[in-house]
Amino acid sequence: MDWISIGTLSDIPRRGARCVATPQGKIAVFRTADDQVFAIDDHCPHKGGPLSQGIVHGAAVTCPLHNWVISLETGKALDADEGAVRTIPVKLEGERLFIALEALAGRAA
Amino acid sequence: MTKKLVIIGNGMAPGRMLEHLLEKAPGRYAVTIFNAEPRVNYDRIMLSPVLSGEKDYEEIIIHGDGWYIKHGITLYKGHRIVAIDRTAKTVTSDHGVTEPYDKLVIATGSVPFIIPVPGHNLPGVLTYRDLDDVRAMMLAAQSRAKAVVIGGGLLGLEAAAGLNAQGMDVTVLHVMPTLMERQLDPAAGYLLQRAVEERGIKVITKANTQAISGNGKVEQVELAEGTIIPATLVVMAVGIRPNAALAKDAGIAVNRGIVVDAGMRSNDPDIYALGECAEVNGMVYGLVAPLYEMARVTASQLAGDETAAFVHSDTPTKLKVTGIELFSLGDFADGDDRQEIVLRDASAGVYKRLVLKDDRIIGTVLYGETADGAWFNDLKKKQTDISQMRDTLIFGQSYQGGAPLDPMAAVAALPDDAEICGCNGVCKSKITSTITAKGLSSLDDVRAHTKASASCGSCTGLVEKLMVLTLGDTYNPAAVQPMCSCTALGHDEVRRLIKAKGLKTIPAVMQELEWKTSCGCAKCRPALNYYLVCDWPNEYADDYQSRFINERVHANIQKDGTYSVVPRMWGGVTNAAELRAIADVVDKFEIPMVKVTGGQRIDMLGIRKEDLPAVWADLGQAGFVSGHAYAKGLRTVKTCVGSDWCRFGTQDSTGFGVRIEKFMWGSWTPAKVKMAVSGCPRNCAEATCKDVGVICVDSGYEIHFAGAAGLDIKGTEVLGLVRTEDEALEHIVALTQMYREQARYLERIYKWAKRVGIPEIKRQIMDDAEKRKAFYERFVFSQKLAQVDPWSERVSGKDKHEFRPMASVGFAQAAE
Numbered sequence: 001m002d003w004i005s006i007g008t009l010s011d012i013p014r015r016g017a018r019c020v021a022t023p024q025g026k027i028a029v030f031r032t033a034d035d036q037v038f039a040i041d042d043h044c045p046h047k048g049g050p051l052s053q054g055i056v057h058g059a060a061v062t063c064p065l066h067n068w069v070i071s072l073e074t075g076k077a078l079d080a081d082e083g084a085v086r087t088i089p090v091k092l093e094g095e096r097l098f099i100a101l102e103a104l105a106g107r108a109a
Numbered sequence: 001m002t003k004k005l006v007i008i009g010n011g012m013a014p015g016r017m018l019e020h021l022l023e024k025a026p027g028r029y030a031v032t033i034f035n036a037e038p039r040v041n042y043d044r045i046m047l048s049p050v051l052s053g054e055k056d057y058e059e060i061i062i063h064g065d066g067w068y069i070k071h072g073i074t075l076y077k078g079h080r081i082v083a084i085d086r087t088a089k090t091v092t093s094d095h096g097v098t099e100p101y102d103k104l105v106i107a108t109g110s111v112p113f114i115i116p117v118p119g120h121n122l123p124g125v126l127t128y129r130d131l132d133d134v135r136a137m138m139l140a141a142q143s144r145a146k147a148v149v150i151g152g153g154l155l156g157l158e159a160a161a162g163l164n165a166q167g168m169d170v171t172v173l174h175v176m177p178t179l180m181e182r183q184l185d186p187a188a189g190y191l192l193q194r195a196v197e198e199r200g201i202k203v204i205t206k207a208n209t210q211a212i213s214g215n216g217k218v219e220q221v222e223l224a225e226g227t228i229i230p231a232t233l234v235v236m237a238v239g240i241r242p243n244a245a246l247a248k249d250a251g252i253a254v255n256r257g258i259v260v261d262a263g264m265r266s267n268d269p270d271i272y273a274l275g276e277c278a279e280v281n282g283m284v285y286g287l288v289a290p291l292y293e294m295a296r297v298t299a300s301q302l303a304g305d306e307t308a309a310f311v312h313s314d315t316p317t318k319l320k321v322t323g324i325e326l327f328s329l330g331d332f333a334d335g336d337d338r339q340e341i342v343l344r345d346a347s348a349g350v351y352k353r354l355v356l357k358d359d360r361i362i363g364t365v366l367y368g369e370t371a372d373g374a375w376f377n378d379l380k381k382k383q384t385d386i387s388q389m390r391d392t393l394i395f396g397q398s399y400q401g402g403a404p405l406d407p408m409a410a411v412a413a414l415p416d417d418a419e420i421c422g423c424n425g426v427c428k429s430k431i432t433s434t435i436t437a438k439g440l441s442s443l444d445d446v447r448a449h450t451k452a453s454a455s456c457g458s459c460t461g462l463v464e465k466l467m468v469l470t471l472g473d474t475y476n477p478a479a480v481q482p483m484c485s486c487t488a489l490g491h492d493e494v495r496r497l498i499k500a501k502g503l504k505t506i507p508a509v510m511q512e513l514e515w516k517t518s519c520g521c522a523k524c525r526p527a528l529n530y531y532l533v534c535d536w537p538n539e540y541a542d543d544y545q546s547r548f549i550n551e552r553v554h555a556n557i558q559k560d561g562t563y564s565v566v567p568r569m570w571g572g573v574t575n576a577a578e579l580r581a582i583a584d585v586v587d588k589f590e591i592p593m594v595k596v597t598g599g600q601r602i603d604m605l606g607i608r609k610e611d612l613p614a615v616w617a618d619l620g621q622a623g624f625v626s627g628h629a630y631a632k633g634l635r636t637v638k639t640c641v642g643s644d645w646c647r648f649g650t651q652d653s654t655g656f657g658v659r660i661e662k663f664m665w666g667s668w669t670p671a672k673v674k675m676a677v678s679g680c681p682r683n684c685a686e687a688t689c690k691d692v693g694v695i696c697v698d699s700g701y702e703i704h705f706a707g708a709a710g711l712d713i714k715g716t717e718v719l720g721l722v723r724t725e726d727e728a729l730e731h732i733v734a735l736t737q738m739y740r741e742q743a744r745y746l747e748r749i750y751k752w753a754k755r756v757g758i759p760e761i762k763r764q765i766m767d768d769a770e771k772r773k774a775f776y777e778r779f780v781f782s783q784k785l786a787q788v789d790p791w792s793e794r795v796s797g798k799d800k801h802e803f804r805p806m807a808s809v810g811f812a813q814a815a816e
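Going down the list, the protein sequences come from chains Z and S.
In this text, residue positions in the first sequence follow the numbering used here: the first is 1, and each later residue adds one.
In this text, residue positions in the second sequence follow the numbering used here: the first is 1, and each later residue adds one.
For the record, the hints were derived by calculation from the structure and aren't laboratory data.
Be careful, since some hints might not be right.
Claimed, not checked - What follows is a set of in silico ranges between Cβ atoms, one per label pair, in the way DEER data are often shown:
{"#": "1", "chain 1": "Z", "residue 1": "D81", "chain 2": "S", "residue 2": "G490", "range": "55 to 65 Å"}
{"#": "2", "chain 1": "Z", "residue 1": "R86", "chain 2": "S", "residue 2": "G710", "range": "54 to 64 Å"}
{"#": "3", "chain 1": "S", "residue 1": "D385", "chain 2": "Z", "residue 2": "K47", "range": "38 to 48 Å"}
{"#": "4", "chain 1": "S", "residue 1": "D94", "chain 2": "Z", "residue 2": "R86", "range": "57 to 67 Å"}
To be verified - Result set (EDC-like, lysine to aspartate or glutamate): computed pairs, CA atoms no more than 20 Å apart in a straight line:
{"#": "5", "chain 1": "S", "residue 1": "K89", "chain 2": "S", "residue 2": "D270"}
{"#": "6", "chain 1": "S", "residue 1": "K501", "chain 2": "S", "residue 2": "E741"}
{"#": "7", "chain 1": "S", "residue 1": "K206", "chain 2": "Z", "residue 2": "D79"}
{"#": "8", "chain 1": "Z", "residue 1": "K76", "chain 2": "S", "residue 2": "E610"}
{"#": "9", "chain 1": "S", "residue 1": "K206", "chain 2": "Z", "residue 2": "D11"}
{"#": "10", "chain 1": "S", "residue 1": "K24", "chain 2": "S", "residue 2": "D336"}
{"#": "11", "chain 1": "S", "residue 1": "K771", "chain 2": "S", "residue 2": "E760"}
{"#": "12", "chain 1": "S", "residue 1": "K800", "chain 2": "S", "residue 2": "D603"}
{"#": "13", "chain 1": "S", "residue 1": "K516", "chain 2": "Z", "residue 2": "E95"}
{"#": "14", "chain 1": "S", "residue 1": "K504", "chain 2": "S", "residue 2": "E198"}
{"#": "15", "chain 1": "S", "residue 1": "K206", "chain 2": "Z", "residue 2": "E95"}
{"#": "16", "chain 1": "S", "residue 1": "K499", "chain 2": "S", "residue 2": "D314"}
{"#": "17", "chain 1": "S", "residue 1": "K762", "chain 2": "S", "residue 2": "E741"}
{"#": "18", "chain 1": "S", "residue 1": "K3", "chain 2": "S", "residue 2": "D85"}
{"#": "19", "chain 1": "S", "residue 1": "K357", "chain 2": "Z", "residue 2": "E93"}
{"#": "20", "chain 1": "S", "residue 1": "K523", "chain 2": "Z", "residue 2": "E95"}
{"#": "21", "chain 1": "S", "residue 1": "K206", "chain 2": "S", "residue 2": "D543"}
{"#": "22", "chain 1": "S", "residue 1": "K798", "chain 2": "Z", "residue 2": "D11"}
{"#": "23", "chain 1": "S", "residue 1": "K662", "chain 2": "S", "residue 2": "E730"}
{"#": "24", "chain 1": "S", "residue 1": "K4", "chain 2": "S", "residue 2": "E306"}
{"#": "25", "chain 1": "S", "residue 1": "K588", "chain 2": "S", "residue 2": "D603"}
{"#": "26", "chain 1": "Z", "residue 1": "K91", "chain 2": "S", "residue 2": "D336"}
{"#": "27", "chain 1": "Z", "residue 1": "K76", "chain 2": "S", "residue 2": "D378"}
{"#": "28", "chain 1": "S", "residue 1": "K504", "chain 2": "S", "residue 2": "E514"}
{"#": "29", "chain 1": "S", "residue 1": "K800", "chain 2": "Z", "residue 2": "D11"}
{"#": "30", "chain 1": "Z", "residue 1": "K26", "chain 2": "S", "residue 2": "D337"}
{"#": "31", "chain 1": "Z", "residue 1": "K91", "chain 2": "S", "residue 2": "D560"}
{"#": "32", "chain 1": "S", "residue 1": "K523", "chain 2": "Z", "residue 2": "D11"}
{"#": "33", "chain 1": "Z", "residue 1": "K26", "chain 2": "S", "residue 2": "D336"}
{"#": "34", "chain 1": "S", "residue 1": "K516", "chain 2": "S", "residue 2": "D618"}
{"#": "35", "chain 1": "S", "residue 1": "K206", "chain 2": "S", "residue 2": "E539"}
{"#": "36", "chain 1": "S", "residue 1": "K357", "chain 2": "Z", "residue 2": "D35"}
{"#": "37", "chain 1": "S", "residue 1": "K202", "chain 2": "S", "residue 2": "D169"}
{"#": "38", "chain 1": "Z", "residue 1": "K47", "chain 2": "S", "residue 2": "E539"}
{"#": "39", "chain 1": "Z", "residue 1": "K26", "chain 2": "S", "residue 2": "E610"}
{"#": "40", "chain 1": "Z", "residue 1": "K91", "chain 2": "S", "residue 2": "D543"}
Even glycine gets a Cβ: it sits at the ideal position worked out from N, Cα and C.
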């Protein structure tokens, strides 16, 4: 699997997110209060809201458009809602963050 | 034949290794040790008690001179090895001693990390590593002057406590938002900070050290945001890194530390490394337990057991500061395949959190009461299935087995003279007899009559149980709607407790009010952020991560993820230059939709987030500021043209509307606030369905409030008539402040007014001049800090990260 560098942990505020632009659309990269990092498509399974703009709590994000709560670990909608968004492998090496290129290539094909 | 074993370094790890080796293979090696420090092996972990004066150096010696003599070990004190010759198999010290080896053990430990800020090498800047550092600190402490400790981790806090015990005035600077963030979650970090501060140590978090300066010696520390802290001693305790330079110079494989296999052997088969300088399986270690494990493995290998292998295990962390009980172990990150059990007892200063996965403990944070740490550690190590004892697990080992006491029965069993409310000294019989005698049926009544639970509120649960016991099923404690599933408390109780307990941060609220989740949810966080902004305007640091996106980026998100932008048009008045500037912006940024709003201004829709700062920059050039069309705050003040133009106008309604808007813009409120001023009772500005409206009449200004024209339609109530514009402004501002201080988050004025009653609001604003003035003053004070145009701030670079992607990837491949 190819890992692409996307920046450093400190680029993302705690309990916040940043976007990575790709030819297939934006990926939202989240940093939780305890410095866990997750990456998912920036596209709510409900109506496509930009999840990167939501409020991050625990390991979940609340979509800014209609308050769906999405698990950052599984990409699945929590509570009573049903739906899922793609998760992207992400890793932290020291301060540097990487996402998996293979997943991107796979989607382009 | 006896082989020659040479050890570089004489810390705790090689000391322990020698003990094992002497036991397993006595006489196998002739041992020579080179110690850069001019002394024997001592217990480095106990340096903190030495610094605080609780112990002497002699008490922390592990191996005295006699031990080396007894075992025939040659110890070179104060000899630093400067070269390893792997071909000749010799080491050479800085004093010129060359010693041959058959086997070499490198145990050079670690070196403290020095932040390379200007002034880091001034006299008076120390690290916290060895006895020399401690002695230098103790010497400096005799001056009883000011010290700064950079680093709020384990070492930094121990150094701070030690210097504090020595009589110094200590400030701890920590770059992260909470102390010891590697070992503690934010809640425990908050408790720790409070305990440290109670000892008289100042703590500044999110502190970026910019420079250390002084004339020939340390005099002050400067922070990035400009704060200057005077200090004659600066201790850097920001971390350590493996001391692997010697090994690297000798051509031994070095990554972060000296790379060794599970048998602690480097890529040179005759050279081992252990302790903080060693890197095994990609990990380096700083706590003593894994270092001792390395010592055991190295000794076994040297004794001929080649199967001995180092295995990673999580090590509990404890802070050695007298009076602070703290224990942390394993992985305590959130995750939705994980569950947590949290116990908070704010008054006792106890916080316990267990993180479970598949019915097994994977992480533990204990604060205030750590007696069960060993037991939890044991359960984690053995991967014990805890499902059978889950309900009582958090209470610890002594609560396992035996039926848990029914909480209601426990309250019923309390003696009559048991104290229920510690703040007000109210006992059980006082509460139950008052309920019966006065026929009380609500918690507020009980608070009013007995004062029980009326101060800190932590006994509310007990008082409610007493009410159930006394009144039976007629009392329903669940009548209070909780803020969200993170707490049992309602909005009103939370607001009251924030003031009563002086809570000034979101972690403080969550800790003191015993939140059930570690960092809240999208319902409670924005509410708490508003309450703290409102109640502590000059002390609370607005938490943008707890604001909805619109308030975070100061624009309105649309269904397609683009944003709309509405600049302020004071009182709905504009001119050619402003309209021209808007037209230019629309052209330049190809804004697809321009719309006149119901609030008498212009909305530009469909702007890409990345373009927002540039749009604002252009609008700012034309004099526009944010219209806060996205805010729970003051939106618009609609006006009619009033006495300047209209033949029916009685007052300058336009001018007054502009004045109100200029006075009140920028204020945050529980929900949006829309206003209007009409110049006569014909009411062209539609003031009688607004949150606050004014109808001008010949005799003055009729103030209206609590209207609605949205989900509900409701005409306004009349607050009262005042004679002058100044009086009208004071009344409107006071009313708004009363609403700001009392309403629940997202509660519009008409709903708040219905709840507290129109007569009560009239009494406080119209009749009680003193109260009105006080409300007015508090609003004016908070405005001093609130009236900053968020757009121009962002044009100048604030929150840049919000407006652009952190990276673009994959585009090159796509272009091929």
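Cross-check of the supplied hints:
1. The hinted window of 55 to 65 Å between Z/D81 and S/G490 is violated, with their beta carbons roughly 26 Å apart.
2. With their beta carbons about 38 Å apart, Z/R86 and S/G710 fall outside the hinted range of 54 to 64 Å.
3. Between S/D385 and Z/K47 the beta carbons are some 42 Å apart, a value that agrees with the proposed interval 38 to 48 Å.
4. S/D94 and Z/R86 have their C-beta atoms about 59 Å apart, which keeps the hinted 57 to 67 Å range intact.
5. A hinted pair counts as satisfied when its Cα atoms are at most 20 Å apart, and S/K89 with S/D270 qualifies at roughly 9 Å.
6. Taking the CA atoms of S/K501 and S/E741, the gap is near 16 Å; set against the 20 Å cutoff, the hint holds.
7. With a C-alpha separation of about 35 Å, the suggested pairing of S/K206 with Z/D79 is violated against the 20 Å cut-off.
8. Taken as a hint, the Z/K76 and S/E610 pair is broken in the structure, with Cα atoms around 28 Å apart against an allowance of 20 Å.
9. With a C-alpha separation of about 15 Å, the suggested pairing of S/K206 with Z/D11 holds against the 20 Å cut-off.
10. At most 20 Å may separate the alpha-carbon atoms for a hinted pair to count; S/K24 and S/D336 exceed this at roughly 48 Å.
11. Distance check on the hinted pair: S/K771 and S/E760 sit about 12 Å apart at the alpha-carbon level, within 20 Å; holds.
12. Restraint check: the Cα-Cα separation between S/K800 and S/D603 comes to about 24 Å, which exceeds 20 Å; the hinted pair is violated.
13. In summary, the hint linking S/K516 to Z/E95 is not supported, as the alpha carbons are separated by about 31 Å, beyond the 20 Å threshold.
14. Taken as a hint, the S/K504 and S/E198 pair is honoured in the structure, with Cα atoms around 16 Å apart against an allowance of 20 Å.
15. A threshold of 20 Å between alpha carbons decides the hint, and for S/K206 with Z/E95 the separation of about 18 Å falls inside it, so the pair holds.
16. The suggested pairing of S/K499 with S/D314 is violated, with an alpha-carbon distance near 41 Å, which exceeds 20 Å.
17. The hinted pair formed by S/K762 and S/E741 meets the criterion: a straight-line CA distance of about 16 Å does not exceed 20 Å.
18. This hinted pair checks out: S/K3 and S/D85 have alpha carbons roughly 18 Å apart, not beyond 20 Å.
19. With a CA separation close to 25 Å, the supplied pair S/K357 and Z/E93 exceeds the 20 Å bound.
20. Between S/K523 and Z/E95 the CA atoms are separated by roughly 32 Å; this puts the pair beyond 20 Å, and the hint is violated.
21. Distance restraint check for S/K206 and S/D543: the Cα-Cα separation of roughly 13 Å lies within the 20 Å cut-off, and the hinted pair is therefore satisfied.
22. The hinted pair formed by S/K798 and Z/D11 meets the criterion: a straight-line CA distance of about 14 Å does not exceed 20 Å.
23. Between S/K662 and S/E730 the CA atoms are separated by roughly 14 Å; this keeps the pair inside 20 Å, and the hint holds.
24. Note on S/K4 and S/E306: the hinted pairing holds, with a Cα-Cα distance of about 19 Å set against a maximum of 20 Å.
25. Of the supplied pair hints, the one linking S/K588 and S/D603 holds, its CA atoms being roughly 16 Å apart against a limit of 20 Å.
26. With a C-alpha separation of about 19 Å, the suggested pairing of Z/K91 with S/D336 holds against the 20 Å cut-off.
27. At roughly 34 Å between alpha-carbon atoms, Z/K76 and S/D378 are farther apart than 20 Å, so this suggested pair is violated.
28. Distance check on the hinted pair: S/K504 and S/E514 sit about 15 Å apart at the alpha-carbon level, within 20 Å; holds.
29. About 10 Å separates the Cα atoms of S/K800 and Z/D11, which keeps this hinted pair within 20 Å; it holds.
30. In summary, the hint linking Z/K26 to S/D337 is not supported, as the alpha carbons are separated by about 26 Å, beyond the 20 Å threshold.
31. Restraint check: the Cα-Cα separation between Z/K91 and S/D560 comes to about 30 Å, which exceeds 20 Å; the hinted pair is violated.
32. Taking the CA atoms of S/K523 and Z/D11, the gap is near 26 Å; set against the 20 Å cutoff, the hint is violated.
33. Our distance criterion of 20 Å between C-alpha atoms is broken by Z/K26 and S/D336, whose separation comes to about 24 Å.
34. Taking the CA atoms of S/K516 and S/D618, the gap is about 46 Å. The hint is violated against a cut of 20 Å.
35. Straight-line distance between C-alpha atoms of S/K206 and S/E539 comes to about 15 Å, which keeps the hinted pair within the 20 Å bound.
36. Straight-line distance between C-alpha atoms of S/K357 and Z/D35 comes to about 19 Å, which keeps the hinted pair within the 20 Å bound.
37. For the hint linking S/K202 to S/D169, the alpha-carbon distance of about 8 Å falls within 20 Å, and the restraint holds.
38. Between Z/K47 and S/E539 the alpha-carbon distance is near 39 Å, which puts this suggested pair outside the 20 Å criterion.
39. Restraint check: the Cα-Cα separation between Z/K26 and S/E610 comes to about 13 Å, which is no more than 20 Å; the hinted pair holds.
40. Restraint check: the Cα-Cα separation between Z/K91 and S/D543 comes to about 27 Å, which exceeds 20 Å; the hinted pair is violated.
Violation of the numbered hints given earlier is confined to hints 1, 2, 7, 8, 10, 12, 13, 16, 19, 20, 27, 30, 31, 32, 33, 34, 38 and 40; the remaining hints are satisfied by the structure.
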